[in-house]
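*Asks:* Taken in sequence, the protein lines are chains A and B. Its first residue numbered 8, the first sequence is counted upward by one per residue in our numbering. Its first residue numbered 23, the second sequence is counted upward by one per residue in our numbering.
Rather than coming from a laboratory, the hints here were simulated on the basis of the structure. Some hints could be false.
Said to hold, decoys possible - Only part of the chain A face toward chain B is listed, based on derived beta-carbon distances under 10 Å: (1) F15; (2) G33; (3) A130; (4) S133; (5) A137.
Keep in mind it's a predicted model, so treat the numbers as computed, not measured. Quick reminder that beta carbons are idealized off the backbone N, C-alpha and C, glycines included.
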Amino acid sequence: MAVLQSDFRAALLDPDHPMPEGLTDGAGRPTPRRFSVYRNNVTVALIDALRAGFPVLHKLLGDQNFDQLARLFARAHPPTSPLMMHYGADLPAFLDAFKPLAHIGYLGDVARLEVAIRCAYHAADSAPIAPARLGAVPPEVLMRSRFSLAPAVRVLSSRWPILDIWRYNTVPGAPKPRGIGQSILITRSEFDPEPHAVSEAQLAWLTAVRANAPLEEAMDMATDADADFDLGPLLTLLVRHNALTDMITPKE
Amino acid sequence: MLDATLTPPRLPSAPGVGYKAQHFTELRAAPGPVKWLEIHAENYMGDGGRPHAQLRALRDDFSISVHGVGLSIGGEGRLDPDHLARLKHLVGWLDPANFSEHLAWSTHGAEFLDDLLPLPYTDATLTRVADHIDEVQEALGRRMLLENPSSYLAFAESTWSETDFLAELVRRTGCGLLLDVNNVFISATNLAYTPQSYLDAYPLSAVGEIHIGGHDEDEDDHGATLLIDSHGREAAEPVWALLDHALVGTGPAPVLVEWDNDVPDWPILRAEAERASAALAAIAAG
């Protein structure tokens with residue numbers, strides 16, 4: 008009798024599913040413990056991948072709780088690609104709907120931040136814009152120009168202090184999280200992604216620029232959020248962290 | 023069948039190690055006898071960043087072998103065309119000395135199960151695996167090596183021995199073989215035959231690379247020893263003896279030390295490479 012890979016797979020991720028018949032030891036005897044090696048290998052590999060991908064979530068939950076969550080997630084959402092560097096992108100949404108941990112509301116957004124940092128780490132390389140180019144165009148041309156951000160740049164926003172939480176759990180001596188919501192810009196100067204807190208107006212500006220809006224439109228979005236918006240600090244941050252890669256000036 | 027003239031330069035008949043990012047600096051400063059590195063293909067399929075930068079730096083000092091873990095050559099379904107395209111891209115820019123994959127499956131439908139799962143050895147699976155190897159070799163434009171698995175159980179339906187199955191794949195596709203002596207020892211122990219008899223029946227002339235690594239020990243339902251392929255410690259003494267036995271048949275060959283879990287500090291991994299170097303020196307001296 009042929010063992011189908013669909014039967015093998017079904018028993019692999021579900022401990023209540025009987026192991027396929029026709030699998031034996033060297034003497035032809037059935038041997039569930041041998042099949043369990045594969046069961047265990049798959050589960051451990053997926054849990055380990057999630058531990059590596061979500062170090063802060065792991066630290067927040069502890070070994071036992073994290074592994075329990077990871078096991079349930081892995082059974083419901085096995086990887087859909089051999090690129091394990093991307094595994095767990097669905098974990099934030101899974102956490103949002105995960106009742107046993109619903110009392111810790113920020114877990115989903117902390118997981119979102121960790122996914123974004125991992126994506127930034129593996130994003131394509133890019134060369135930063137020469138800062139002199141920004142000063143070389145007249146202001147009215149600048150306002151109609153569009154900016155390109157580095158492929159590693161990510162922007163996200165939460166009603167929880169997720170950057171404070173992230174820092175508190177990764178940076179020795181970081182202060183305790185405050186009771187605020189936070190918006191975050193992730194940059195990657197060279198190889199290591201770095202999250203920065205940004206204001207609502209800066210978030211609006213970044214969101215518009217990422218949607219390929221010209222500068223004047225991005226400025227409007229930002230001043231809608233904060234009438235006193237000053238682009239200076241954000242521009243300095245972007246340039247310092249190699250996050251600005253190009254400027255496309257309008258054709259005259 | 024692949025045109026043998028497309029075969030790229032071989033790896034040096036010297037020790038290599040499975041590359042780990044944490045060894046980047048020390049490995050380059052004090053490589054010891056290590057002349058080549060093996061990378062897991064899937065870890066370098068992101069778009070950029072540190073993994074690519076390290077690889078570009080390492081290829082100046084070391085020959086590189088690309089070892090795939092996600093192609094699912096033993097799968098019932100067709101090979102994932104997207105994954106094959108990613109592999110072609112990586113092999114294209116990196117131009118490694120070897121590309122190898124496993125006699126195993128890891129993908130089912132849209133799911134990737136992140137383990138090397140076993141297949142029965144029948145006429146039907148032989149045809150399917152041979153077709154998949156042909157497809158890979160055509161896509162990459164080069165000969166690939168196929169690695170023997172570590173087995174924890176046997177399939178009642180198998181009609182071929184593993185060694186005959188591998189030899190027939192070599193004959194049909196022109197592929198080479200990656201001989202993992204730790205896997206031979208594990209499978210032989212688990213399925214109650216002698217590892218020497220496996221090697222005696224194995225087509226050693228097709229070997230393009232050898233792996234050695236560590237395993238863990240457990241027990242099955244009947245109290246029999248069950249060895250687990252863990253790659254988390256030094257290779258066991260009988261596995262080193264098996265390497266010597268294999269090298270007598272293959273002659274000097276590229277020997278890779280695999281250590282993927284509980285990765286040690288560089289000097290400990292280098293000591294394993296030094297041991298492989300001594301085994302190679304003994305063969306070269308006759």
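*Asks:* Hint by hint, note whether the structure agrees.
*Replies:* Verification of the supplied hints:
1. F15: At about 7 Å, which falls below the 10 Å cut-off, the nearest Cβ of chain B leaves the hint on F15 of chain A intact, so it holds.
2. G33: It holds, given that the least Cβ distance between G33 of chain A and chain B is near 3 Å, below 10 Å.
3. A130: This hint holds: A130 of chain A lies near chain B, its Cβ roughly 5 Å from the closest one there, short of 10 Å.
4. S133: Since the shortest Cβ distance to chain B is 8 Å, the answer is holds.
5. A137: violated, 21 Å
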